[in-house]
Structure formats: structure tokens, C-alpha cells
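Visitor: These protein sequence lines are chains A and B, in that order. Anchor point for the first sequence: position 143 equals 349 in this note's numbering, and the numbering is continuous, going up by one each time. Anchor point for the second sequence: position 23 equals 49 in this note's numbering, and the numbering is continuous, going up by one each time.
Quick caveat, the hints were computed from the structure, so don't treat them as lab data. For every residue, glycine included, the Cβ atom is placed at its ideal position computed from N, Cα and C. Treat the hints loosely; a few may be bogus.
EDC-like mimics (lysine to aspartate or glutamate), calculated; alpha carbons at most 16 angstroms apart, straight line [unchecked claim]:
hint, chain 1, residue 1, chain 2, residue 2
1, A, K266, A, E292
2, B, K116, A, E312
3, A, K507, A, D445
4, B, K60, B, D205
5, A, K537, A, E477
6, B, K120, A, D224
7, B, K116, A, E292
8, B, K155, B, E225
9, A, K581, A, E497
Label-pair ranges, simulated between beta-carbon atoms [stated by the list, open to error]:
hint, chain 1, residue 1, chain 2, residue 2, range
10, B, K133, A, G359, 39 to 45 angstroms
11, B, S156, A, D336, 28 to 34 angstroms
12, A, T232, B, K224, 54 to 60 angstroms
13, A, S231, B, F176, 40 to 46 angstroms
14, A, Q423, B, K133, 42 to 48 angstroms
15, A, V419, B, N31, 26 to 32 angstroms
16, A, L265, B, N31, 28 to 34 angstroms
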Amino acid sequence: MSGNNLLSGNLSFISFADILQLLGSTGSTGILEIFNEEDSRVKIFFEHGDVVHAETGELKGEEAFFKTFSWEKGHFRFSEDFHEYEKTMESNLTGLILEGLRLLDEGKLDHGEGKNLVGHVPLLRGRFIDYAEIVDEEFFEKDEIIVREGRYGSWIWVVLDGLIQIEKKFCGKNIPVIQLGRGGFIGSLAAFARGDRPRSATVRALSPVQLGVLDAQSLSKEYSSYSDLLRTYFICIDDRLKKITDAYVRIYGNGIREVSEAGQIENLTPEKFRDTNLGMVISGGAQLYIECNGMFLNLGKIKQGDLVGELPFTESKRSYSFYLAGDGDFKIKVFDKKMLLSEFGLMSENIKKMVEFAGLSLSHTASSLAVKMLKLMQ
Amino acid sequence: MAVFNIQTREIECKIVFYGPGRGGKTTNLEYIHKTFRKNITGDLVSIDTQGDRTLFFDFLPIGLGKIKGCDVKVQLFTVPGQPQYASTRKLVLKGADGIVFVADSLKVQRKNNILSLQDLHDNLKDYGKSIFRVPLVLQYNKRDLIKEGFPVLEVDTLEKDLNKQLKVPSFPASAIKGDGVGQALKKCLELTLQHLQKELNWAG
Numbered sequence: 207m208s209g210n211n212l213l214s215g216n217l218s219f220i221s222f223a224d225i226l227q228l229l230g231s232t233g234s235t236g237i238l239e240i241f242n243e244e245d246s247r248v249k250i251f252f253e254h255g256d257v258v259h260a261e262t263g264e265l266k267g268e269e270a271f272f273k274t275f276s277w278e279k280g281h282f283r284f285s286e287d288f289h290e291y292e293k294t295m296e297s298n299l300t301g302l303i304l305e306g307l308r309l310l311d312e313g314k315l316d317h318g319e320g321k322n323l324v325g326h327v328p329l330l331r332g333r334f335i336d337y338a339e340i341v342d343e344e345f346f347e348k349d350e351i352i353v354r355e356g357r358y359g360s361w362i363w364v365v366l367d368g369l370i371q372i373e374k375k376f377c378g379k380n381i382p383v384i385q386l387g388r389g390g391f392i393g394s395l396a397a398f399a400r401g402d403r404p405r406s407a408t409v410r411a412l413s414p415v416q417l418g419v420l421d422a423q424s425l426s427k428e429y430s431s432y433s434d435l436l437r438t439y440f441i442c443i444d445d446r447l448k449k450i451t452d453a454y455v456r457i458y459g460n461g462i463r464e465v466s467e468a469g470q471i472e473n474l475t476p477e478k479f480r481d482t483n484l485g486m487v488i489s490g491g492a493q494l495y496i497e498c499n500g501m502f503l504n505l506g507k508i509k510q511g512d513l514v515g516e517l518p519f520t521e522s523k524r525s526y527s528f529y530l531a532g533d534g535d536f537k538i539k540v541f542d543k544k545m546l547l548s549e550f551g552l553m554s555e556n557i558k559k560m561v562e563f564a565g566l567s568l569s570h571t572a573s574s575l576a577v578k579m580l581k582l583m584q
Numbered sequence: 027m028a029v030f031n032i033q034t035r036e037i038e039c040k041i042v043f044y045g046p047g048r049g050g051k052t053t054n055l056e057y058i059h060k061t062f063r064k065n066i067t068g069d070l071v072s073i074d075t076q077g078d079r080t081l082f083f084d085f086l087p088i089g090l091g092k093i094k095g096c097d098v099k100v101q102l103f104t105v106p107g108q109p110q111y112a113s114t115r116k117l118v119l120k121g122a123d124g125i126v127f128v129a130d131s132l133k134v135q136r137k138n139n140i141l142s143l144q145d146l147h148d149n150l151k152d153y154g155k156s157i158f159r160v161p162l163v164l165q166y167n168k169r170d171l172i173k174e175g176f177p178v179l180e181v182d183t184l185e186k187d188l189n190k191q192l193k194v195p196s197f198p199a200s201a202i203k204g205d206g207v208g209q210a211l212k213k214c215l216e217l218t219l220q221h222l223q224k225e226l227n228w229a230g
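Excised from the complex, chain A in its bound form (with noise of 0.2 angstroms):
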């Protein structure tokens, strides 16, 4: 906390593009220190107005720097207390905040991504969606509800603006699952499958919200048109991120009680293929589980029909693993990845989008659970 404070102020008043702007085009040289509201703290090192090296954490380089821009709140320093560095970056300082800025927009600066604590909601946002697929638009104040569990609905949204989050009852109490920024979906594509379903979690405004409504019939045409092993697919992801969004719920209600070691499970193998193939279950069932750092949670019931495996659009790096614990009967048929991925091509962008989302919803809300499974074994 030594050295010479040149210049500090508040990244609500001026955002970190703009500082970094500033002394580009000041030429400054010094170490500006950028302070989120939790407490992380990125150190850029600036040599006459170009940006040679930035870390914070484990991250070091374009990483640690890219990062920075999906801070909206926080503070900053700017001083001359020059230190040794290593040189990482020499990019123009222009074409940095240019491509950061590309990536805020494009959805890919995610908060935490896994290193969230406890008590802290992941933020997650998706891909921005063509306005021409929006049939109509509609607006929620903040803290207003814009789906309640167990109602019903299959009306599909997408966030165009502002803040939602994603809440499950568990004894009568609305536990936050995730939050969703732009670029969100609420509803899935299962819905088309499944027709009037009760909708499964509770959805809050957190700020003034701005939604899209999707083109349920265009969609619903398109769904129609796949094929069934596609089908399948939707519907496992689904499935999928529903058995983890309760275990996670569960989880945050009942604590420790709910995880086991391996020692106590029959028949446990890795849900693992070659990187190349997925599986179908032709007959039996299986116990879906949920490893992290050697502990095992259960996740539910795999059927007849279901496809296991990396599912696409869910692989992210990862601090868990699945693992299957079939019954006597339980018997895999396993094909080639291809054979879907072939078919992902033809979709068109927004289910594109809509599936991506759901494979990254599921990632996170898996490593969620992954990082509270280890909180609670400290």
C-alpha cells in the first residue's frame, strides 16, 4: 500500500477503458491498481503509456488484464511505485481495450467461473440475440417476479438488459441459484417436448429489467424439424441441469449430510467415454453422481433413453466429474459424437444460442456445487 498515489478514484464515475485511455495518452509509467467490491485486486504496469505487464491472483498477462473489464464497481489507483515485472503483454494499448471491450460484449468475461464463495451467486451471460427474432418486448421493475415456480408457462425470454436471478424453493425458503445478466434465457428448449410443464424455479428482477420474447411458434417449427437423438440431447441437458440445480438447493438446505465417500457406493465408475463418443442407455438405470476432491453427491436417476457422457456445449474446465453407478441391468450402447454434432450445424443461431447457454448454465451451476461440496468438507 506504499508509493506515490498520482491518481485514484471510482470506476462507477470512470470506467476502466476510459483510465486506461488516460494514461495511454499521458504516457504515464507506473502501476495502476484496480479493486473490485471483493476485494480482488488486478495491478497493471504501464511504461510510457503502453501497458507491458498486468496479474492478479494466479493470472498473469492479457488474462489478468481482460478480466479487469468486466469489473462495473470499484475503485482504482494509479502510482509510481515501479517495481520488477516480468514483460507480458506489448499488444497496442488500443487494440487491448478494444478486444476486451469485444469480449464484455460478446458475453465471454464471466465472473468467478468457479472460484465463486459461498453466499456469492455466480453471474453468467450469454451471447447477445438477434432483435429480429424478438416478437415483443417487456419490461420488470426491480425485485418484481417474472415466473414463479410451479406455475405454469412455456413462454421463452431472453434478457436484453439488466440483472434476473434464478431462485428454487427448499423448505419454504427461495434459495438464489444463479444470477443472469444479458444475453440470458429463461425457459428451456425441453418445453417444446414436453408440453405445459410447471415451470421449475422462481425468476426475479434484481434491477429494471428489459426482456425479449422469443418466437415460441418459429422455435417450437424448428424443434419439430430435428432429429431424435438431437431431441434426446435437449432434453438430457435439461434434465441434466435441473438434477444439479436441486442437488445444489439441496445441498445449501441439508449440508454435509448429503455427500458420501466412494467406498460407499456400489459400482461407481467415470462417466467417461473417449473424448470422441457419447453413450445411450439401452437398458437398466443408473445413479447419477457428482465428484469433487473425492467426495460424491448424488444427483439422481439415469433411465433407459438418456444419452451419458461430455455432453457438447457443457465441457469447461472443470473441478468435478460425473460418475455413474449402474443397477444390474444397466447397459450402454456407444456411438460417435459426430453423428449430433453433425447435426448442430443446421441449427439455426438463437437455438444455437439457447443451447450454448444451457451448456454453460450447466457447467457453472456443476462447479457451484463443486466449490460448496468443498467449502462444506473444510
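Since chain A is already given, all that's left is putting chain B on it; use the hints.
Guide: Just chain B now, with coordinates in the frame of chain A:
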């Protein structure tokens, strides 16, 4: 808002190529970067935004004079047209000193041209600027497509659609061949420098 660089005694200003996606903004900048070599000091930096790329580079407007004894350096930018790139667009458009609006002559793009110009108007307003006062020229791009038999809007129609109230200089162009690119840029630079002169004299 031009920036004065005290150390180098330069005035840095920004010209932005605005317009509907795939209308030829990038092609304009690529042509300029390729053709006006002696005016270019740095590299062309390209950011891969979906649909069309965001480009920028530094440009020295040789022969257009100095302002108050300072050299003028111009940064040329394109803006990604797709709606999702709001932060990128905001940064690029903020502090723009001059704008070249690249309209697409293709008939199917008629509505998109109008929407994009409206969008420019709204964005400028957000930064406290008026589209009627900012140095602006229009470029009606893709005129070469007439010969290839594509349905193309008449220049009169484009004028009526886009320039009826603005009444700014406009140029038929073919960015891919380079026709009209230099003229539009030169006019925009002249207007921008005049505007700066006026603002500075006012202040000084």
C-alpha cells in the same frame, strides 16, 4: 473531443466509419490503409468482432495544414454494426471528431441504412452531441453492383432516405474498387479540421 498531446505537440483526433453491418466500412479502411501508405504511421489493428471486424490505425492528413502550430494526427476507426457490441461502439464513438457514414446501396439494405443512421443519432445524443453539428459525410457504397445486375437503390432514393434533413456532403462509392473512398475521407477530414479550428478559435 480532440486530445492535445503536449509532449509531441500533436492534436489527435478521431474519425469513425459508421454504418450498417457488412456495408463496407472495413473495406473502406482496408483500402485507405493499402493506398495512402505515406500517410500511415502504424499498423492496422484488427479486432475480430462477429459479422464485421473492428479496425483502426493512425493516419496523418498531410497537406491539410496545422492547427495553432500543432501537427494533426488522425485515428481512423470502424465500429462493429451488430447490436451486441454496445460497449465497443460506445468507446469508439465517444470522442469521435468526424464521421463517415457508409450506407449500403443494395435495395435489401434500405431499412438497415435508415436504422443505422437513427442509431448513430441516438448514440451521439447519449454523448451530448448532435448529428446535425458533428462533422459528417455520407458515402453510398457498392455502386459497382449495378453493373453486376444486383437490385441497387438510386442515389436519389438514398439522398431522400438519409440526407433529406442532414444535407451533408455525400459520395457514391465502391470501396472494393476504391472509387469515392478518398473523396469521402478527404471531405470528412476537411470538415473535422474546420470544426476544430472553429472550436479552438472560439476558446482562444
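Visitor: Now, for every hint given, state plainly whether the structure supports it.
Guide: Each hint tested on the structure:
no.	hint	verdict
1	A/K266 x A/E292	holds (10 angstroms)
2	B/K116 x A/E312	holds (15 angstroms)
3	A/K507 x A/D445	holds (10 angstroms)
4	B/K60 x B/D205	holds (14 angstroms)
5	A/K537 x A/E477	holds (13 angstroms)
6	B/K120 x A/D224	holds (10 angstroms)
7	B/K116 x A/E292	violated (33 angstroms)
8	B/K155 x B/E225	holds (14 angstroms)
9	A/K581 x A/E497	holds (14 angstroms)
10	B/K133 x A/G359: 39 to 45 angstroms	holds (41 angstroms)
11	B/S156 x A/D336: 28 to 34 angstroms	holds (30 angstroms)
12	A/T232 x B/K224: 54 to 60 angstroms	violated (26 angstroms)
13	A/S231 x B/F176: 40 to 46 angstroms	holds (43 angstroms)
14	A/Q423 x B/K133: 42 to 48 angstroms	violated (29 angstroms)
15	A/V419 x B/N31: 26 to 32 angstroms	violated (49 angstroms)
16	A/L265 x B/N31: 28 to 34 angstroms	holds (32 angstroms)
The structure fails hints 7, 12, 14, 15 (numbered hints given earlier, in ascending order).
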